[in-house]
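Chemist: One-letter residues, chain by chain:
Protein chains: 2
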Amino acid sequence: MRRQLLDRADVRRAILTFGDDSHVAGHHNPYFATELARALNDWSVDRWLSADTRLASSILVASQLPDEAAKEIKRHAGNPHMVQVMLVDNPYNYPFGHPVFHPIYRAAEETGRPVAIHGGAGGWANPASTGGGNVNLYFEAHTLWPQVVMTHLVSFISQGVFDKFPCLKLLLIEAGSAWLPSLLWRFDTEYKGLRREVPWLKRLPSEYVAEHVWLTTQPLEVSPKREQVTQLLGWIDGGRKLVYSSDYPHWDADEIHYIASRIPESWHRRVFFENALAFYGWTEADLPTHDRMAIA
Amino acid sequence: MRRQLLDRADVRRAILTFGDDSHVAGHHNPYFATELARALNDWSVDRWLSADTRLASSILVASQLPDEAAKEIKRHAGNPHMVQVMLVDNPYNYPFGHPVFHPIYRAAEETGRPVAIHGGAGGWANPASTGGGNVNLYFEAHTLWPQVVMTHLVSFISQGVFDKFPCLKLLLIEAGSAWLPSLLWRFDTEYKGLRREVPWLKRLPSEYVAEHVWLTTQPLEVSPKREQVTQLLGWIDGGRKLVYSSDYPHWDADEIHYIASRIPESWHRRVFFENALAFYGWTEADLPTHDRMAIA
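Chains as they are written, first to last, in the working numbering: chain A, 50 to 345; chain B, 50 to 345.
Honestly, the hints are just simulated from the structure, not real lab data. A couple of the hints might just be wrong.
If several chains are the same, the list does not tell them apart, and a pair holds so long as it fits within one copy or across any two.
[What the hints assert, rightly or not] In the DSS-like style, the derived pairs of lysine-lysine whose C-alpha atoms are separated by at most 30 Å in a straight line are: (1) 241 - 123; (2) 274 - 251; (3) 274 - 241; (4) 274 - 290; (5) 123 - 213; (6) 213 - 251; (7) 290 - 241.
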């Protein structure tokens, strides 16, 4: 990882998101899943955080037992390198805005940690569910993975998670981003027609996104004309909302210099540096010293 | 309907899509559903098509029994006012590209009828399923209804429906359209990476859409700046792909003059007239004579 990723692009901080292990919340046994999450987090601290000061880790939680997940978040409150609460699989078939998950967000807010939802996951060893029926091919599933994150985002906002936890921030990982503008157009329109069902909401859905939500770059959609995707993302202030993510070491990872070549130069410092500082609440002094910063 | 819709905007042809009755494929009893679809189609012919020459009807099918559905399509082959095969609910939890549904498409192609998928439906009396879990509020469900149609479109193309039935055309009804460009960007990219799983595909997914797929306008997403949504749709040749639909008499129906005010004038003749002729394979001589055509 040092040679292929960190040194190569002068990375000052890389946040680990686990691999197949991240699917703890898809396991049928909630007690086992809770212990597995504890063990994985300890392994991340012992094996990885001790190995390189540039590394930070997600706090994996077994959302089957939200109160136990909250305890696990608090257990890491004193470790500044355990930087975000990560949700992947969904044990309840209700999206992550549902009140059953709220103890997790209360603990995240209390300990000053943002929440990250990792796209693409369904249940243990199963592909993510898709609207209208479950697809049959990996090609279909991979094409439609953003749907899961769309649903969780709509659920988070609609069920008032940000009203209940006003300091909470949310990062959508590995679900792309070009689907967001048209979703927000529809979401705002629906709010105007149906807001009596959600009296706890105080603003337009797009305003909650502007304040509380960030997205990772991976994978940056490829438009026929290069500028189309960044023009589209510009309509939701993409230069301030996108945070570079590599997806290293997956087959479809996006290298830093590839993403740098695809977004406007005026976005580089923010997408590769400042937006992450804003999301995680860091200052530059919180990062390990390094000769240069990524793509500065 | 004459006063509120047909006469008011000089409509020359209106295609009926049923109301709550359209959910036949969500019924648990496949034999009952098959008979119900037959009865509803007969009712549409007797009650509506006889009442006004401007009206045409969808052929509703109970997709629980695809061979019976094929027979029902063929039963109406001789009636030129039964103009499209309509799918709404999904009885099998596999999207509509799955081979179980192919007898329906074979009958549609043989009888020269296009297929229409109506968005928003799930199972009988249930909301449509959403990726990542089932949402809890009508507001959430209504916001995410396009997911169902996204999934069916990806399934149709990925499972080679258009390769197997090269004359088939597909209309996506009441699911909006602004989500399509970013989905196609992703879909084409995934095809380049994963095409070995779908060796029957001969072209990029976006090329199948360009040849075989149309969308109705309802609801046309509302962007913060009026021109954004049509600029976005222009990237997929929206002026040739969109077909006006009213959603009359629903609470969120789009009147013709409202849509006319929101799309470029250069699109009017196509969106309100020519694109429907192209999709249904009509010439102007197939339409009832009228003083003027809609928004000409």
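Chemist: Now tell me, hint by hint, if it's right for this structure.
Modeler: Hints, verified against the model:
1. With identical chains, the CA atoms of residue 241 and residue 123 are never at most 30 Å apart, being 38 Å at best within one copy and 44 Å at best between copies.
2. For the identical chains of this complex, residue 274 and residue 251 are inter-copy neighbours only, at 22 Å across copies versus 38 Å inside a copy, given an alpha-carbon limit of 30 Å.
3. Only between protomers do residue 274 and residue 241 lie at most 30 Å apart by alpha-carbon distance; the minimum there is 17 Å, versus 34 Å within a single protomer.
4. Within a single copy, residue 274 and residue 290 get their C-alpha atoms as close as 22 Å, and across copies as close as 20 Å, so both meet the 30 Å cut-off.
5. In the homo-oligomer, the alpha carbons of residue 123 and residue 213 lie at most 30 Å apart inside one protomer (19 Å), although the nearest pairing across protomers, at 56 Å, exceeds that limit.
6. Taking the shortest Cα distances, residue 213 and residue 251 sit within 30 Å of each other inside one copy (11 Å), while across copies they are farther apart (51 Å).
7. With identical chains, the CA atoms of residue 290 and residue 241 are at most 30 Å apart both within one copy (24 Å) and between copies (28 Å).
In terms of the numbered hints stated before, the structure departs from hint 1 and from no other.
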